[in-house]
Every structure is written in C-alpha cells, then in structure tokens.
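If you read the protein sequences in the order shown, they are chains A and B. The first sequence lines up with residues 28 to 285 when you count with my numbering. The second sequence lines up with residues 776 to 1003 when you count with my numbering.
One or more hints might be untrue.
Said to hold, decoys possible - Derived pair list, reagent style DMTMM-like, types lysine to aspartate or glutamate, alpha-carbon separation capped at 25 Å:
no., chain 1, residue 1, chain 2, residue 2
1, A, K165, A, D132
2, B, K812, B, D950
3, B, K812, A, E142
4, B, K812, A, E134
5, A, K92, B, E857
6, A, K237, A, D250
7, A, K165, A, E36
8, A, K229, A, E240
9, B, K812, B, E952
10, B, K812, B, E823
11, A, K237, A, D209
12, A, K165, B, E857
13, B, K812, A, D139
14, A, K229, A, E129
It is worth saying that the hints were derived from the structure and are not from the lab. Computed from a predicted model, the values in this text were never measured in an experiment.
In case you want the letters, here they are:
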Amino acid sequence: MSGLSGLMEGRVVLVTGAAAGVGRGVAAAFGSAGAIVGIGVRRPEAAEETSAAVAAAGGTPVILKCDVTDAVQSAAAIEQLVRDFGRLDAVVHNAVSGRSSEATDFENTTLDEWEDHASVTVRATWRLAVQAYPHLQKTQGAYLLMSSPAGIEGSERAPFYSAVKAAQRGFVRALAREWGPDHIRVNSVAPLAISPALENMKILEPERVKRIEGLVPLGRLGDPETDIGPPSVFLCSDEARYVTGQTLVVSGGRFTSL
Amino acid sequence: MVSSASTLVIGSGLGIGSSIAQRLRARGDSMIELPPKIDLTNAELVSESLRSLIGSGTVDRVVLAAIDPSAFRSAPIASLTEDEWDQAAEYSMRAAFVALQQVHAVLADGGRVILILPTVVATGVAGLVPLCTAVETIRVMAKAVARRWGARSITVNTIEVELAAFMLGDNDAGDTEIPVVPVLGQPALPPASAVDDVIGLIDMLATPAAGAITGALLVADRGTVMQP
C-alpha cells in the first residue's frame, strides 16, 4: 500500500457502507493514503474492525452513524466531518441494500423489493450528492460511487441490483457534466471483489467460488483493500484531477468489453 | 380484444410512443395500446388493463416508450426536492419494472420486446441527471430480462433516438423546450424522420432473422454519437 502514502494526507473522506467488505477495504486504503476517514455505518458498534483497519493503515478513523436511507443521518454525518475537520474532500457511496446478494424473482416480486434497492443505491446517491455539494464545491473534491459490473452487463439472477447499479453509471455521466464547472469530479468503480457473501460461499460452496475465479484472467477475486482500494483512492485524489464521468472496471480482467 | 399477431404499445400518449402508435395504426397493424394516462407503477391496474385488452390471448410484440415528462425539465440536482427527484428519475424506473413484469405474463413465446429511450447517457447531460439515471437503469433492466426470458425465445432490445425525437416524435416542438444534449459530432447521415427510423428497426427486430439479437442497444441517431 506504500504507493498511496500521503496521497490524501489531511483530506477528509466519507465512506458509506464501510462496516465490511469493499467498504471496509476502501476505507482502509484511504487510511493508507493519510486521510481522515468518516466510516459511515448503520450500526456504529459494527464499525470497530474498520476503524482499527483505518488506524493501522495510518489514517484517522471517525465512526459515523449513517443509514443512507435516512436523510437526517446522512446530513448529520457530513456536517459532523465538516464541523470537526473543517472540510470534506470526497464522498464514496458504497452502501447497498441488505438484500443485494439475494436473487430477485423479477416476474413475481413487488415494488417493495425494488424500493429496498432503490432507496439505498438510487435515492441516497442523489441525496448524498446534494448534501455534500456545498462542501465539495469548496474543496473542488470528488464524488465516487461504488457501482458493479452487474450494472453494465445486466444480471439474470439480480435484475434489481443490476438496474440500480446501472442507475449510478447514468448518474455519474450526467453529474460529471453538471459539476464540471465547479471542478468537482464524479466517477464510479465497478469492482469484482471478495465480499462477506463470497466469503460464506467459499466455505459452503468452494467449487462455485473456484468456477468464478476461473473466469477471471488474473485467476482470483479482488481483495477489497489492496485491489479495489487503491484505484478508488486514486480517483478521489489530485492524481486523477483530469478524470471525471468515468466508470473504472476493476475486475482482474473478468469484464473486458463493458 | 385481440388474440394473436398483435403489437402492444405502452407510452402511446406522448412523443415518439404516440407517433409509433399512429404509424402502426395507419398501416393497419393489429395493435393495442395501454391507456396513455394509466399509472404504470400500479401493477394491479396495468394487469387488469392488459387483461381487458387481451383476455386470455397473448401479444407478439411490445413497444415500450415510457419516460415521465418531468424528466425532461432541465434543472441542477441540488435544486430538486425529494419528490421532484422521485418523479423525474425513479417513477420511470418503477414504471419500466411494472410494465416489463406485467408484459411477461401476456407475451407469446418467441415474442419481441422493444424499449425506446432517448440517447442521453452516452454523453451525459448537465441538468438532466434524473433522466440519464433513469435511462441507464431501464437499459440494464432490459438486458437483465433479456437474459431471463431468453429460454422462451423472447428477445428484449433497446432502441435509442435523439432526445428531441423521443420527446416530439412526428410533432412540432411548439412551445416545448428541448434540453440541449452535448453532441460528439454532426449526424453522419442526412436528416430523416426518427419515427421512420425506429419503425424500420422495430420491423427488423420482429423478423426471424433477428431472433438472435437480444439485450442489444441499437442507436438510431443517424450516426451522431457513434458510441465506442
């Protein structure tokens, strides 16, 4: 992680959905880059491991109660960071619905299930942008959405998850144009990484995980901290000052034509 | 009520959906339309309406061109209330889900689903974040159902046209304000009716020769964007 050293020194970043998986890895990577990392989680008691990972990496962790479906909580999380540290340089929206790894029976389900996905991945994407906007204007900061390859290819098993992740891609392209004059950059990362669901699958269905890994030219699933974290930090750093409106697919070559 | 060989048009109340319905009707196609003002997010209502039109029969082809008009109002996202965001972005997503779900129940095996969308995501449009968000959502939802319904030889494809063509179809702009979409170049082909272009593609997709095309995006903008 030495390549990230100092890249976000003194910068203030909010990472939502940071209790585990990709969110934890990305938060730790920002820690390696020297950032003050707001760890946005629904249950603060679940953020201890992430907090320790950020601190161990060299960053400053700040645990924030931030259920992104609650406008008051997400506003308060942003305001707390600005009040305590005087600035906000980046927001990484990584939180997803608790049902994101479930299969969706598209032909028989109802709008309630859609709402579970949309409230976290679509509405909160808009709301976090609006709430962070005045602060990102001041720092000429960055807004990064953690999308998914499923949001590009369309998943048979997870049509709602695919659709809301696609929403973020459309959002990024349009908002990059809208916020370009403010010098706020808007990008997304589409990662293929080990998640808590995949960790379970490794135990319960190791052959299935092997099959998935066999589809990846680099032969393995990405590590949230060391594979997904650095490109995410890069996109929020000054090193990516001329990059906006993009989706970076970080998948070990699994998706080469998206 | 129809029993076979019919086209169902959803979104025939406005713009290109209206013009497509008129053309199909004028040339004598067997065609049915969902009531233009139906609330497409109400699954029960849509289901009842389909059953009253189709009975126990099926349709062979569905054309879906339904974006809520509020999505065409250009405004910075920071100026939108939550209700305005919902109407401009999320309503059309819900409508697409409900329409596709309900259509599945009345679609014949080997049927064709064709979604018509404005080509705004290729470039992104400042002021139209809700529209761009909705369009990409619907486009990928179409891909997902294309994968799901392929076993029944149903194809699901998307045709994109320029925003003005989507909003107006054959109609004059009149007082309608058309948001400016950044273009990457001038159209390579001479101007022509976008409705004719789309009808041609709808007909093409209905042929047996197009049975292997599914989950695809066909951009009928006369070579303006030429996506990489």
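Each hint tested on the structure:
1. A:K165 / A:D132: 45 Å, violated
2. B:K812 / B:D950: Holds: K812 (chain B) and D950 (chain B) sit about 21 Å apart, inside 25 Å.
3. B:K812 / A:E142: 23 Å, holds
4. B:K812 / A:E134: 23 Å, holds
5. A:K92 / B:E857: It holds: about 22 Å lies between the C-alpha atoms, which stays within 25 Å.
6. A:K237 / A:D250: This hinted pair holds, its Cα atoms lying about 15 Å apart.
7. A:K165 / A:E36: Measuring from Cα to Cα gives roughly 17 Å; hence the hint holds.
8. A:K229 / A:E240: Holds: K229 (chain A) and E240 (chain A) sit about 11 Å apart, inside 25 Å.
9. B:K812 / B:E952: 22 Å, holds
10. B:K812 / B:E823: 14 Å, holds
11. A:K237 / A:D209: Since the Cα atoms of K237 (chain A) and D209 (chain A) sit roughly 46 Å apart, the hinted pair is violated (cutoff 25 Å).
12. A:K165 / B:E857: It holds: about 24 Å lies between the C-alpha atoms, which stays within 25 Å.
13. B:K812 / A:D139: 23 Å, holds
14. A:K229 / A:E129: Since the Cα atoms of K229 (chain A) and E129 (chain A) sit roughly 17 Å apart, the hinted pair holds (cutoff 25 Å).
Violated hints, in rising order: 1, 11; the structure is consistent with all others.
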